[in-house]
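Visitor: So you can see what is in the structure, the chains are spelled out below.
There are 2 protein chains.
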Amino acid sequence: MRAIVITIGDEIISGLTVDTNAAYISQRLVSIGVDVTRRCSVGDNADDIEREIRDGLAQFDVVITTGGLGPTDDDITKRSICRVFGCSLKEDTQTLEAITTRYRQLGVAMTEGNRGMAMQPDGAVLLSNPLGTAPGILFDLDGKIFCAMAGVPAEMRAIVDTGLVPYVEKKGSGRSIKYQSLCTFGIPESILAAKLKKGGYVPDGVRLAYLPSYAGVMLRLRAEGKDEAEASQLVDRNFNALYPLIREYVYSTEQESLLEHVTRLLREKPATVAVAESCTGGLIAKMLTDVPGSSAYFVQGMVAYANEAKTRLLGVKRETLDEHGAVSQEVCAEMGEGILDSSGADYAIATTGIAGPTGGTPEKPVGLVYIGVAEKTGMTVERRQFSGDRDIIRVRSANVALNMLRHRLTKAQP
Amino acid sequence: MRAIVITIGDEIISGLTVDTNAAYISQRLVSIGVDVTRRCSVGDNADDIEREIRDGLAQFDVVITTGGLGPTDDDITKRSICRVFGCSLKEDTQTLEAITTRYRQLGVAMTEGNRGMAMQPDGAVLLSNPLGTAPGILFDLDGKIFCAMAGVPAEMRAIVDTGLVPYVEKKGSGRSIKYQSLCTFGIPESILAAKLKKGGYVPDGVRLAYLPSYAGVMLRLRAEGKDEAEASQLVDRNFNALYPLIREYVYSTEQESLLEHVTRLLREKPATVAVAESCTGGLIAKMLTDVPGSSAYFVQGMVAYANEAKTRLLGVKRETLDEHGAVSQEVCAEMGEGILDSSGADYAIATTGIAGPTGGTPEKPVGLVYIGVAEKTGMTVERRQFSGDRDIIRVRSANVALNMLRHRLTKAQP
Chain A
1 MRAIVITIGD
11 EIISGLTVDT
21 NAAYISQRLV
31 SIGVDVTRRC
41 SVGDNADDIE
51 REIRDGLAQF
61 DVVITTGGLG
71 PTDDDITKRS
81 ICRVFGCSLK
91 EDTQTLEAIT
101 TRYRQLGVAM
111 TEGNRGMAMQ
121 PDGAVLLSNP
131 LGTAPGILFD
141 LDGKIFCAMA
151 GVPAEMRAIV
161 DTGLVPYVEK
171 KGSGRSIKYQ
181 SLCTFGIPES
191 ILAAKLKKGG
201 YVPDGVRLAY
211 LPSYAGVMLR
221 LRAEGKDEAE
231 ASQLVDRNFN
241 ALYPLIREYV
251 YSTEQESLLE
261 HVTRLLREKP
271 ATVAVAESCT
281 GGLIAKMLTD
291 VPGSSAYFVQ
301 GMVAYANEAK
311 TRLLGVKRET
321 LDEHGAVSQE
331 VCAEMGEGIL
341 DSSGADYAIA
351 TTGIAGPTGG
361 TPEKPVGLVY
371 IGVAEKTGMT
381 VERRQFSGDR
391 DIIRVRSANV
401 ALNMLRHRLT
411 KAQP
Chain B
1 MRAIVITIGD
11 EIISGLTVDT
21 NAAYISQRLV
31 SIGVDVTRRC
41 SVGDNADDIE
51 REIRDGLAQF
61 DVVITTGGLG
71 PTDDDITKRS
81 ICRVFGCSLK
91 EDTQTLEAIT
101 TRYRQLGVAM
111 TEGNRGMAMQ
121 PDGAVLLSNP
131 LGTAPGILFD
141 LDGKIFCAMA
151 GVPAEMRAIV
161 DTGLVPYVEK
171 KGSGRSIKYQ
181 SLCTFGIPES
191 ILAAKLKKGG
201 YVPDGVRLAY
211 LPSYAGVMLR
221 LRAEGKDEAE
231 ASQLVDRNFN
241 ALYPLIREYV
251 YSTEQESLLE
261 HVTRLLREKP
271 ATVAVAESCT
281 GGLIAKMLTD
291 VPGSSAYFVQ
301 GMVAYANEAK
311 TRLLGVKRET
321 LDEHGAVSQE
331 VCAEMGEGIL
341 DSSGADYAIA
351 TTGIAGPTGG
361 TPEKPVGLVY
371 IGVAEKTGMT
381 VERRQFSGDR
391 DIIRVRSANV
401 ALNMLRHRLT
411 KAQP
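If you read the protein sequences in the order shown, they are chains A and B.
Residues in the first sequence are numbered from 1 upward in steps of one, following the numbering used here.
Residues in the second sequence are numbered from 1 upward in steps of one, following the numbering used here.
Do not take every clue at face value.
Since the list can't tell identical chains apart, any single copy or any two copies may satisfy a pair.
[Unchecked claim] Result set (SDA-like, lysine to any residue): computed pairs, CA atoms no more than 20 Å apart in a straight line:
1. Lys376 <-> Lys411
2. Lys376 <-> Glu189
3. Lys78 <-> Leu211
4. Lys317 <-> Ala46
5. Lys317 <-> Ser342
6. Lys170 <-> Arg408
7. Lys364 <-> Gly388
8. Lys198 <-> Gly116
9. Lys226 <-> Glu169
Hint data in this document are derived by calculation from the structure and do not stem from the laboratory.
Remember, it's a predicted structure, so these values are computed and weren't measured experimentally.
With these hints in hand, go ahead and build the complete structure from the sequences.
Guide: Encoded structure:
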């Protein structure tokens, strides 16, 4: 089954909004064996929307749209759908009831726009929206599945998970597709590729993709077979040839991020962590608490920007600051030891550096960051010189910190 | 000038990567008057890439691609470009020199793959890449501009800003396009639309878009004219009719986020801020320090998850915790007062709540958050019940906190 995902909205094509919806839908469809081979976005323009849907239906088995189903006047998707499927809009009692109930609960008066949201294309299967008022609109005609959903991410995700995915899975796909991930950290894409080449590995009946990010390079094998067994066999054969060549850089063979992996290790051990941040400014605490259930391992975070705060909050010595400067191995170590002591956590992370764009000197340029991980038995501080902008330097620092914590947790050599 | 942005990569269409590149390119092109009317993504498949580029050149004046120019074997874009423009690859001395220099500086041996990156389509204008080794590849033929760039965000942004945008601007656009933003907070899209309708406002020769996010709804007027004066006149006429109807919800008429606006107010005043976070887990500190120059206003942040940490770090009384629970107006107030006192900042933000997905009770359900903003003259605590997942609840809490701080900074009534 081949699919296209179409996202609709002026805010997307003009770049005001980053399109996270398309990524989510693709992921979920791929996970049930649907092959998403195309994505596209159009503005709030009836002709463009209609043409995209028609083109999609001509070329793909599954056509998914999000956006353009809200209560305001820039929403014209429903009318485009009616033209494509030759139907008209009709008030749907169940949707109207859901809208009325929701507004009663909210204690807000219904507007004409809200009531208009009960108008739905006649003949469509409506997928319920547990978090909002616009249901998913599904047509299943001539072996093709079409589905339109609202663009609010949480609502769209709920409709995908509770309505669309079960529907498409039931319908069944033809070919089986298998994926295998190898998540690496600390090695650039080009060196990984050179290592595989040197080891004599060539993809054999699979597609090998390199997916670089600031949290490492993910390698992903993709195999297609007439059934699951064939696809699995292909993937396994390639994995067994490839994995030994880069084993030392692979932190996980599941599709999990470095953050997910490290927080899983913390929960499994179990162990606790505290964070003292300067240049990362709360980013590491934010990441560690992004994960549900983080109170099991996260004790406390301190964001100490000013020197005075480093002394007062973390016990960094005045002399150390004067002698070595705030961005130094010595201050990083005192920050880590300070928070390890005061928090009582098993592990502590500390960062101090120059995220830029200003504040650099010839001796301590923008991108210089000291990253430390401490436990009772000792502390490691790494000096890193990152390139990139403020955001990138902070994200890279946070990921190096997570990887250092991973090494401590697994007792591997850093 | 009409443009299409094409992003290339299996990681994009499979949803492993969120496509932030397309948003950036669109924004920059729109800012110089280019009308981006279509976006699309394809996988690392030579036929798909070639077809997308050909289709784009047939329908648009400007065709931009990113991705598929890296050093590894999944990169096939360059060969597709050669087929479209009927040229061959040729080693470019300048690119080879840049690559050699970069690897010498890094102290890393060059691989065959790295050297291959010096091969460039013959006849292309090469746009230099100050942050990496793959230059932008530009063709300017028959009144159409084509440009292909690497997919690494920082490199792509550098090529766009230093090469592509100046090139396109010089080339000049025909019609003038003007935008005017009205950034609102604290009012849903549907109520905004109802207010405009009630006030008798109807878009007059412009397009009005509603761009909702968890940091508020941005309204954007878009006018097109034969010259700048005509486009400006259209935008102004509509702005003057619309603005008075929703003035109380508008925090800015520039295109700036709530975060950018509030940190600008802090710098201008000037004033300092400290943050004590429980459920937002460092997110507010992270946001406040996302902005370059944040050391001017950001004093310190505390992430106190456990009750014990709230007492030890922020001076929250044991009795208050016992009597009212950690998620309460009283604890939020003591957190805010605690950090205001100990930090010496002019303003303090405090949050405590249940971000979920677990930890809720009938009395204190998931999504209940207390948000406080304190200054020496007093403190405001708001009780909010948010819907959505963990991420959404945290982001909404952070934005309400920023808006409360904005009210204090501008002395408007909250």
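Visitor: Determine for every hint whether it applies to the structure shown.
Guide: Taking the hints in turn, this is what the structure says about them:
1. Lys376 <-> Lys411: Close inside one copy (14 Å), not across copies (49 Å); limit 20 Å.
2. Lys376 <-> Glu189: neither (35 Å within a copy, 53 Å between copies)
3. Lys78 <-> Leu211: Between copies, since 18 Å is at most 20 Å while 36 Å is not.
4. Lys317 <-> Ala46: So Lys317 and Ala46 fail the 20 Å test inside a copy (65 Å) and across (59 Å) alike.
5. Lys317 <-> Ser342: So Lys317 and Ser342 pass the 20 Å test inside a copy (15 Å) and across (19 Å) alike.
6. Lys170 <-> Arg408: Close neither inside one copy (45 Å) nor across copies (54 Å); limit 20 Å.
7. Lys364 <-> Gly388: within (15 Å within a copy, 43 Å between copies)
8. Lys198 <-> Gly116: between (63 Å within a copy, 16 Å between copies)
9. Lys226 <-> Glu169: Only inside one copy: Lys226 and Glu169 sit 17 Å apart there, 52 Å across copies, limit 20 Å.
Hint check: violations occur at hints 2, 4, 6; the rest are consistent with the structure.
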